[in-house]
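Build the full structure now, drawing on both the sequences and the hints.
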Amino acid sequence: MLFNSMQFVLFFIIVVLVYYALPHKYRWILLIAASYYFYMCWRVKYILLLLTTTLIDYSCAFLMSKHEDKKKRRPFLYISLISNFAVLFTFKYFNFFTDSFNALFGLFHIPWQIPFIHVLLPVGISFYTFQSVAYVLEVYWGRWKAEKRINIFCVYTSFFPQLVAGPIERPYHLLPQLDEVQKFDADRIASGLRLMLWGFFKKLVVADRLALYVNAVYNNADLHSGFSLLIATYFFAFQIYCDFSGYTDIAIGAARVLGINLMRNFNRPYFSLSIPEFWRRWHISLSSWFRDYVYIPLGGNRISVPRMYLNLFIVFLVSGLWHGANWTFVIWGSLHGMYAVVSKLTLAFRDRVVKKCKIPLGMVKSSRMLLTFHLVCLSWVYFRAETFAKANSIVAKIVTMDGTSLFVPAMDQFIYGIIGIIILLLVDAFQENSSVAVKLDAQPLVIRWGAYVAATVVILLIGVFNGSQFIYFQF
Amino acid sequence: MAVSLSTFNSNQVRRFTLKVILFLCVLWLADFAIGHIIDFFFKKTLYGENWPKENWVLSRQYDVVILGSSRAFRHYVPSILTDKISYSVFNAGANGQYMLYAYALEQLILDKYKPKIIVLDLLPSYITKADGVDQETERLSSLLPYANNREVRWLLTRNSLLDRLKLVSILYRYNSRLLNIADNYFNSAKQFDNGYVSVGKTKFRTVNQFSDDLLHDQQVQFDDFKIELLKKFISSAKARNIKVIMSFSPTVEPLSAKCRQILAYYDRLFTEMQVPFIKVLTEDFPQFTNSQMFMDYIHMNDLGANAFTPIFADKLHSLLQETNLLGNLDADETSAPRGASQQAHSANTHHRNL
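Protein sequences, first through last, are from chains Y and A.
Heads up: the first sequence at position 418 corresponds to 418 in my numbering, and the numbers run straight through without jumps.
Heads up: the second sequence at position 69 corresponds to 544 in my numbering, and the numbers run straight through without jumps.
FYI, nobody ran anything at the bench for these hints, they're computed from the structure.
Quantities reported herein were computed from a predicted structural model and do not represent experimental measurements.
Glycine included, each C-beta is placed from N, C-alpha and C at the ideal position.
A hint or two may mislead.
[To be verified] FRET-style restraints, in silico, Cβ to Cβ:
# : chain 1 : residue 1 : chain 2 : residue 2 : range
1 : Y       : Leu426    : A       : Leu504    : 24 to 34 Å
2 : Y       : Pro111    : A       : Arg633    : 47 to 57 Å
3 : A       : Phe697    : Y       : Leu51     : 41 to 51 Å
4 : A       : Val488    : Y       : Ala33     : 21 to 31 Å
5 : A       : Arg633    : Y       : Met1      : 19 to 29 Å
6 : A       : Phe697    : Y       : Pro23     : 51 to 61 Å
7 : Y       : Tyr26     : A       : Lys706    : 51 to 61 Å
8 : A       : Tyr660    : Y       : Leu120    : 43 to 53 Å
9 : Y       : Gln431    : A       : Val643    : 30 to 40 Å
[Unchecked claim] Computed list of lysine-lysine pairs in DSBU-like fashion (alpha-carbon distance at most 35 Å, straight line):
#  : chain 1 : residue 1 : chain 2 : residue 2
10 : Y       : Lys439    : Y       : Lys183
11 : A       : Lys707    : A       : Lys518
12 : A       : Lys706    : A       : Lys641
13 : Y       : Lys66     : Y       : Lys45
14 : A       : Lys706    : A       : Lys790
15 : Y       : Lys148    : Y       : Lys72
16 : Y       : Lys358    : Y       : Lys344
17 : A       : Lys641    : Y       : Lys439
18 : Y       : Lys25     : A       : Lys494
19 : A       : Lys713    : A       : Lys589
20 : Y       : Lys439    : A       : Lys494
21 : A       : Lys559    : A       : Lys707
22 : A       : Lys641    : Y       : Lys183
23 : Y       : Lys66     : Y       : Lys25
24 : Y       : Lys145    : Y       : Lys25
25 : A       : Lys587    : A       : Lys641
26 : A       : Lys790    : A       : Lys707
27 : A       : Lys733    : A       : Lys706
28 : A       : Lys519    : A       : Lys713
29 : Y       : Lys183    : A       : Lys494
30 : Y       : Lys70     : Y       : Lys145
31 : Y       : Lys45     : A       : Lys604
32 : A       : Lys641    : Y       : Lys45
33 : Y       : Lys390    : A       : Lys604
In structure tokens form, the structure reads like this:
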């Protein structure tokens, strides 16, 4: 069941009505039933994977809580981590590594071929696995008490708004909210619905519209000019941003309607002045997960400088692999790792140059923003292309401007896409220094409703209603 | 733990529910008002770039309407047919559209007026299951502005009852059409011959994604729904005393065994339903093996269309004469007034000369 489907709209209305009709102590039943139904709409039997992860992590954390000594806790941590990552590896990475090893064997004329397994990737597996691992690690470090009630833990691992594509929650943020009595709050519900509307706008008007152009160009990259590929790459940058942040807005909005505040996942990333800042603004719940559960345990900033940079690079590399079982994602992660290391290494030097040359601040900021955006766009080529070789050929075509003709299959569709980007940038630019929500709340009802009606009209008129998947569902 | 059972009776809930209902009313009003303004301009767009052919064929009264896919669109030159049979002819063939669209458009036409003859140019895929995802229903979205028609609405929403909810919105019916409508409204200079747009002597390309149906051997999987629709297409025209004629135009290469199997099925079906079937196959007309007449394996260019249409016109004329249909049609009092047909014909002849 996709957020951008009529099924979800109907499902959500029913859940909200029943949720507020139920006494608080019974709401967990509704949330589990709704979440499991939501997940089973993709593939019924994969609910077993979610249940297995939930049961193992609940048991391991529960058993860990019985021991004060970390050494005695450790076996349960290992059981949990091994089982979580074994499932993730089997379903997501087995065929990727098999393919890579088989290619390697072929290179050295070794007559071995590891057979592939034929399974479909369970939707959202990387998201709920990481959320569950976060819980186990917090309990292991003693920073969070193990949840005794399995029903509440089930809601934590399966809460439907964020089950399949995040935000990846932390136990200390989500679990206490599940205990709170969520009273009917009209303002909060209105605010949640408004966020959902904005999410739908991003997904239907911007992401899915741009996807038509991006797919047409990237799926036949050999036939297109360097200029068309450059435009398609810019479009993809906005497509993936609106696709994922649109999903996140709908998720956060839906949870807010139910009285649950999910963590922020995007903060206008294309206004970043550097790559490290980009990662503080893009997929915040994942980058902070890697920071909290990989980078800091590896030593964080408390170790030697070379080791710190190596760890930073490793974190980005793993983050790339998290996204998908393909070398293109590894390259994408490595590029960001390299950007981050170079950015940190040259920061002091760059600041000295700016001071010495007395370059106006506005110029420094805009050039940094442009450079960051283009570095990110370069990495998006590897993210979007099917293979490493294709990505290289696209980059080569763009850099050498191989052909300047612009592919425009339908001018009106192209214009709709650009209108969507302009509206998005205007709203995001406004949000940098202010808040649309606060401004809107201060307006009279006529203006507020006018804005909501206008947004709905734009969605109905230029949105794309082909029910396309969200890109991050595949991860 | 506190119990929130009472929240549904609180004033806050009641006020909120009222507000939601009021907002939905405002939204509906906006949808209705803006939707009707767009609808007004849409109905006035009769030509232009990507003009809605449906508007044209529905706003005039034609004696002969040719329905079908891009092959129909590219192969039948109405002026040649008009010269031969002296009836006003409109080519309503549409790119990427098959049985569902043909049936829907037929129903829309029958709602407006009664042509004398309806020709359906066939493809094997009209009655077979799609190899991958069936995109026919999705492609029907071009008919969303006509969703008030019962049959069109049924076809648009048959896969999901929830799709009916979308049709509550008038704006949704004009989704992604706004700039197109504006462009058509202000820029009407489009040269076309009653639905046929010349592509000139476009050179032959070897690539065609649709060629599989016609030229490649694959397992035939008949689609019962589409077969029923084809039968309904025939019977609803017959019920109004309209002559239905099926047609099959040439391809540059010999047909596949799969295609022949489907043609044999068509033969049986049309014999059973007493529907004439005009086949102009390349094996009988070897001139069509000349690839200069084709844009690709299955679509003719202007040269091909101008070679094919006279052959089809001759066959149609003979058929009408043999079955004494020409006379019957002329004498048919229930058909559209001759004046209206002539009006449509002369209007389009004028347009053709633009």
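Consistency of the hints with the structure:
1. Leu426/Y x Leu504/A: 24 to 34 Å: Hint holds: Cβ distance 27 Å, inside 24 to 34 Å.
2. Pro111/Y x Arg633/A: 47 to 57 Å: Holds, since Pro111/Y and Arg633/A (Cβ atoms, about 54 Å apart) stay within the stated range.
3. Phe697/A x Leu51/Y: 41 to 51 Å: 42 Å, holds
4. Val488/A x Ala33/Y: 21 to 31 Å: At roughly 23 Å between Cβ atoms, Ala33/Y and Val488/A fall inside 21 to 31 Å, so the hint holds.
5. Arg633/A x Met1/Y: 19 to 29 Å: 20 Å, holds
6. Phe697/A x Pro23/Y: 51 to 61 Å: 56 Å, holds
7. Tyr26/Y x Lys706/A: 51 to 61 Å: The hint (51 to 61 Å, Cβ to Cβ) holds, given that Tyr26/Y and Lys706/A are roughly 54 Å apart.
8. Tyr660/A x Leu120/Y: 43 to 53 Å: 48 Å, holds
9. Gln431/Y x Val643/A: 30 to 40 Å: This hint holds: roughly 32 Å between Cβ atoms.
10. Lys439/Y x Lys183/Y: 25 Å, holds
11. Lys707/A x Lys518/A: 28 Å, holds
12. Lys706/A x Lys641/A: Roughly 29 Å between the alpha carbons, so the hint for Lys706/A and Lys641/A holds.
13. Lys66/Y x Lys45/Y: Roughly 33 Å between the alpha carbons, so the hint for Lys66/Y and Lys45/Y holds.
14. Lys706/A x Lys790/A: 23 Å, holds
15. Lys148/Y x Lys72/Y: 19 Å, holds
16. Lys358/Y x Lys344/Y: Holds, because 22 Å separates the two Cα atoms, which is no more than 35 Å.
17. Lys641/A x Lys439/Y: Holds. Lys641/A to Lys439/Y sits at ~31 Å (cutoff 35 Å).
18. Lys25/Y x Lys494/A: Answer holds: Lys25/Y to Lys494/A is near 29 Å, not above 35 Å.
19. Lys713/A x Lys589/A: 11 Å, holds
20. Lys439/Y x Lys494/A: Judged against 35 Å, a Cα distance of about 20 Å means the pair holds.
21. Lys559/A x Lys707/A: 29 Å, holds
22. Lys641/A x Lys183/Y: OK: Lys641/A and Lys183/Y at ~32 Å, within 35 Å.
23. Lys66/Y x Lys25/Y: 27 Å, holds
24. Lys145/Y x Lys25/Y: Holds. Lys145/Y to Lys25/Y sits at ~21 Å (cutoff 35 Å).
25. Lys587/A x Lys641/A: 25 Å, holds
26. Lys790/A x Lys707/A: 25 Å, holds
27. Lys733/A x Lys706/A: 21 Å, holds
28. Lys519/A x Lys713/A: Roughly 31 Å between the alpha carbons, so the hint for Lys519/A and Lys713/A holds.
29. Lys183/Y x Lys494/A: 18 Å, holds
30. Lys70/Y x Lys145/Y: Holds: Lys70/Y and Lys145/Y sit about 14 Å apart, inside 35 Å.
31. Lys45/Y x Lys604/A: Within the cut-off at roughly 28 Å; holds.
32. Lys641/A x Lys45/Y: 31 Å, holds
33. Lys390/Y x Lys604/A: Between Lys390/Y and Lys604/A the Cα gap is close to 34 Å, so the pair holds against 35 Å.
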